[in-house]
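Taken in order, these protein sequences are the chains called F and H. Going by this note's numbering, the residue at position 90 of the first sequence is 90; the numbering climbs one at a time, nothing skipped. Going by this note's numbering, the residue at position 82 of the second sequence is 82; the numbering climbs one at a time, nothing skipped.
Rather than coming from a laboratory, the hints here were simulated on the basis of the structure. The reader is advised that the hints may include incorrect statements.
[Stated by the list, open to error] So, partial list: chain F residues that the calculated Cβ filter (under 8 Å) puts toward chain H:
#1 Glu57
#2 Cys58
#3 Asp85
#4 Thr105
#5 Thr109
#6 Gln148
#7 Ala151
[What the hints assert, rightly or not] Far from chain H by the CB rule (all over 10 Å, computed), these chain F residues:
#8 Asp3
#9 Glu23
#10 Asp86
#11 Val91
#12 His261
#13 Val262
#14 Asp264
#15 Gln326
If you're wondering where the values come from, they're calculated on a predicted model, not measured in any experiment. For each residue, glycine too, the CB sits at the ideal point set by N, CA and C.
There are 2 protein chains.
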Amino acid sequence: MSDTRFDVLGIGNAIVDILAHAEDEFLATEGLDKGAMALVDSERAGELYAKVGSAVECSGGSAANTIAGLASLGGRAAFIGKVRDDQLGQVFRHDIKAIGVAFDTPAATDGPPTATSLVLVSPDAERTMQTYLGACVDLGPDDIDEDQVAASAITYLEGYLWDPPAAKQAFRKAADVAHAKGRKVSLSLSDPFCVDRHREDFLELVSGHVDILFANEEEIISLYQADEFDAALQAVRGHCDIVALTRGAKGSVVVAGDEVHVVDADPIERLVDTTGAGDAYAAGFLFGLSQEDDLSQCAHIGNIAASEVIQHMGARPDRPLKELVQARLGDA
Amino acid sequence: MSDTRFDVLGIGNAIVDILAHAEDEFLATEGLDKGAMALVDSERAGELYAKVGSAVECSGGSAANTIAGLASLGGRAAFIGKVRDDQLGQVFRHDIKAIGVAFDTPAATDGPPTATSLVLVSPDAERTMQTYLGACVDLGPDDIDEDQVAASAITYLEGYLWDPPAAKQAFRKAADVAHAKGRKVSLSLSDPFCVDRHREDFLELVSGHVDILFANEEEIISLYQADEFDAALQAVRGHCDIVALTRGAKGSVVVAGDEVHVVDADPIERLVDTTGAGDAYAAGFLFGLSQEDDLSQCAHIGNIAASEVIQHMGARPDRPLKELVQARLGDA
Numbered sequence: 001m002s003d004t005r006f007d008v009l010g011i012g013n014a015i016v017d018i019l020a021h022a023e024d025e026f027l028a029t030e031g032l033d034k035g036a037m038a039l040v041d042s043e044r045a046g047e048l049y050a051k052v053g054s055a056v057e058c059s060g061g062s063a064a065n066t067i068a069g070l071a072s073l074g075g076r077a078a079f080i081g082k083v084r085d086d087q088l089g090q091v092f093r094h095d096i097k098a099i100g101v102a103f104d105t106p107a108a109t110d111g112p113p114t115a116t117s118l119v120l121v122s123p124d125a126e127r128t129m130q131t132y133l134g135a136c137v138d139l140g141p142d143d144i145d146e147d148q149v150a151a152s153a154i155t156y157l158e159g160y161l162w163d164p165p166a167a168k169q170a171f172r173k174a175a176d177v178a179h180a181k182g183r184k185v186s187l188s189l190s191d192p193f194c195v196d197r198h199r200e201d202f203l204e205l206v207s208g209h210v211d212i213l214f215a216n217e218e219e220i221i222s223l224y225q226a227d228e229f230d231a232a233l234q235a236v237r238g239h240c241d242i243v244a245l246t247r248g249a250k251g252s253v254v255v256a257g258d259e260v261h262v263v264d265a266d267p268i269e270r271l272v273d274t275t276g277a278g279d280a281y282a283a284g285f286l287f288g289l290s291q292e293d294d295l296s297q298c299a300h301i302g303n304i305a306a307s308e309v310i311q312h313m314g315a316r317p318d319r320p321l322k323e324l325v326q327a328r329l330g331d332a
Numbered sequence: 001m002s003d004t005r006f007d008v009l010g011i012g013n014a015i016v017d018i019l020a021h022a023e024d025e026f027l028a029t030e031g032l033d034k035g036a037m038a039l040v041d042s043e044r045a046g047e048l049y050a051k052v053g054s055a056v057e058c059s060g061g062s063a064a065n066t067i068a069g070l071a072s073l074g075g076r077a078a079f080i081g082k083v084r085d086d087q088l089g090q091v092f093r094h095d096i097k098a099i100g101v102a103f104d105t106p107a108a109t110d111g112p113p114t115a116t117s118l119v120l121v122s123p124d125a126e127r128t129m130q131t132y133l134g135a136c137v138d139l140g141p142d143d144i145d146e147d148q149v150a151a152s153a154i155t156y157l158e159g160y161l162w163d164p165p166a167a168k169q170a171f172r173k174a175a176d177v178a179h180a181k182g183r184k185v186s187l188s189l190s191d192p193f194c195v196d197r198h199r200e201d202f203l204e205l206v207s208g209h210v211d212i213l214f215a216n217e218e219e220i221i222s223l224y225q226a227d228e229f230d231a232a233l234q235a236v237r238g239h240c241d242i243v244a245l246t247r248g249a250k251g252s253v254v255v256a257g258d259e260v261h262v263v264d265a266d267p268i269e270r271l272v273d274t275t276g277a278g279d280a281y282a283a284g285f286l287f288g289l290s291q292e293d294d295l296s297q298c299a300h301i302g303n304i305a306a307s308e309v310i311q312h313m314g315a316r317p318d319r320p321l322k323e324l325v326q327a328r329l330g331d332a
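Model the full assembly from the supplied sequences, consistent with the hints where possible.
What follows is the structure, encoded as structure tokens:
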């Protein structure tokens, strides 16, 4: 799309992940929902951190991971999100800019510190997240650069943005600007508990304001309070132009009007950490769309990106996804 | 040793590593000595950081890595080092305490931030470090807890401590207290350029104040300005009770009086990042000494610990070294 500066503009919580290993017994003792993201306050975040072993810090955030993945694939990417002017804020800013993403949201100069998510990786590679939103609560409509939205083919929003108080206004403003300019709006449902917290809003968004929807099996079931995957699939059909549903090792299902594609997952050697799998899938899928690939190919690229990310600790790619996709699909 | 509270007390620079991949070409363009540690100021650290790709942050510091490794092996460990009361200082404190190390040095409440080392990992797994000493310059003799030194069988010091201005006084104070109590003093030479900077001091230390010396091939050659490994080996013989020399894939050589042991490296599956190899070797060796193992066995445990650390990114063990050593040596 020659009249755009960016293929995708992501808007999301700007978070630094703190990754540690944890046994299932620890999750149970602490009353943590395995596989989910829970919001915690500063005190609880500190209390849990004190109880876990040595950790590694990497930049994270759902939409930010997707945007980093898109840049790694060779896409033109921008991001809007709020950090503070502290050390972890510098880490977040460095990492997203280092991969080639335009990121100009000013850091907060007071208020809570940069957001962190304590990501507990279980022996079976499942991750459980405890997120302290920190400076993300300061993201608001004033942080939305309308020119940037207008210059982006797709504006991509994470459902988690519904959690901090002012971000949903930023979210709605961005969606309105995008649509007014004839651009597309994409949403990821983020997490089944997040869907629970905001079901009515999400149902309204999905039927009226979202063109491209991403969800995993648990999230789409939660949205429609369905009994099983196929029931949720039937419920969502027709609500958005494109719906991409991920199912872990079972691959993904894409629905668009009368089209339905069922695409197998990309093979992996060893599963290490599922953090960021859905984010990477969305990166690959959106990159495919930006190249005007057919939907089946978009899903393939999504699966390849996800397979890279789940084979190491951390939510962002360890090596250039562009080279990986070229090697896998053979279109150098 | 029943009258001690700690097997090893480590004293060193408290550093958070920032790990990024870098091609050899980048090192050359920036004029960086591949494989070495160079000291940089805050400005140069920021300039280099801005030029490298996405990074991962993990706790580091040479003696701190050794002490973390010792704790991971099941040893009783303590550490003295200086961080600031900032986010990276919290990361350092969390990680060393989480592995069971006693760490009570108060954080600096003003002055420079917690030290960072930009660790550039080359495709061949060699690491090149650019260290900003930050709050480490505030470590001084007042930070040495004499009771803790007196209660430690071995006080372990890194040569890098000769770089910040006041730390060498801390170093000498600790060595004097240890010897007055009949304890052992151990030194790691740290880096060939560090040896270059402080050769006279190190020669005097090695012949008069150190009981157990660790060095790699380049460091011991640098210390004696020798032409080759064997010449350096002959030069150091008799200067310390125990000298443990590491040679990468060639394993290690241990010299103690008339005893000489040449011990092969532990086999590995894939070499990923050599950061912390020497630190982990020292951890294993000192752990063996604390169990009164013979010197050959001490070297074996050192090699096993090193082999774990070089097979993943980051300088500290990813899994409990105690279990690994038991599995490898069969003495559960």
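A quick look at each hint next to the structure:
Of the supplied interface hints, the one on F/Glu57 holds, with its beta-carbon coming within about 4 Å of a beta-carbon of chain H, less than 8 Å. The restraint placing F/Cys58 at the interface with chain H holds, with a minimum CB-CB distance near 5 Å, inside the 8 Å limit. Violation of the interface hint for F/Asp85 is found here, the shortest Cβ-Cβ separation to chain H being roughly 12 Å, above the 8 Å cut-off. A hinted interface residue such as F/Thr105 counts as satisfied when its beta carbon comes closer than 8 Å to some beta carbon of chain H; here the least separation is about 18 Å, so the hint is violated.
Because the smallest distance between the Cβ of F/Thr109 and any Cβ of chain H comes to about 16 Å, over 8 Å, the interface hint for this residue is violated. Interface restraint check for F/Gln148: the shortest CB-CB distance to chain H comes to about 22 Å, outside 8 Å, so the restraint is violated. Proximity of F/Ala151 to chain H is violated relative to the hint, the smallest CB-CB distance being about 25 Å (cut-off 8 Å). The Cβ of F/Asp3 lies farther than 10 Å from every Cβ of chain H, with a closest approach of about 30 Å, so its non-interface assignment holds.
For F/Glu23, the condition that its CB be more than 10 Å from all CB atoms of chain H holds, with the nearest at approximately 12 Å. Consistency note on F/Asp86: stated as away from chain H, yet its beta-carbon is not over 10 Å from all of that chain's, at 6 Å minimum. Consistency note on F/Val91: stated as away from chain H, yet its beta-carbon is not over 10 Å from all of that chain's, at 6 Å minimum. For F/His261, the shortest C-beta to C-beta distance to chain H comes to about 32 Å, beyond the 10 Å cut-off, and the non-interface label holds.
Every beta carbon of chain H lies more than 10 Å from that of F/Val262, the smallest distance being close to 33 Å; the non-interface claim holds. At the 10 Å boundary, the C-beta of F/Asp264 stays outside the reach of chain H, the nearest C-beta of that chain being 28 Å off. In this structure F/Gln326 is separated from chain H by more than 10 Å, as the shortest Cβ-Cβ distance comes to about 19 Å.
Taken one by one, the earlier hints fail for this structure at numbers 3, 4, 5, 6, 7, 10, 11, listed in ascending order.
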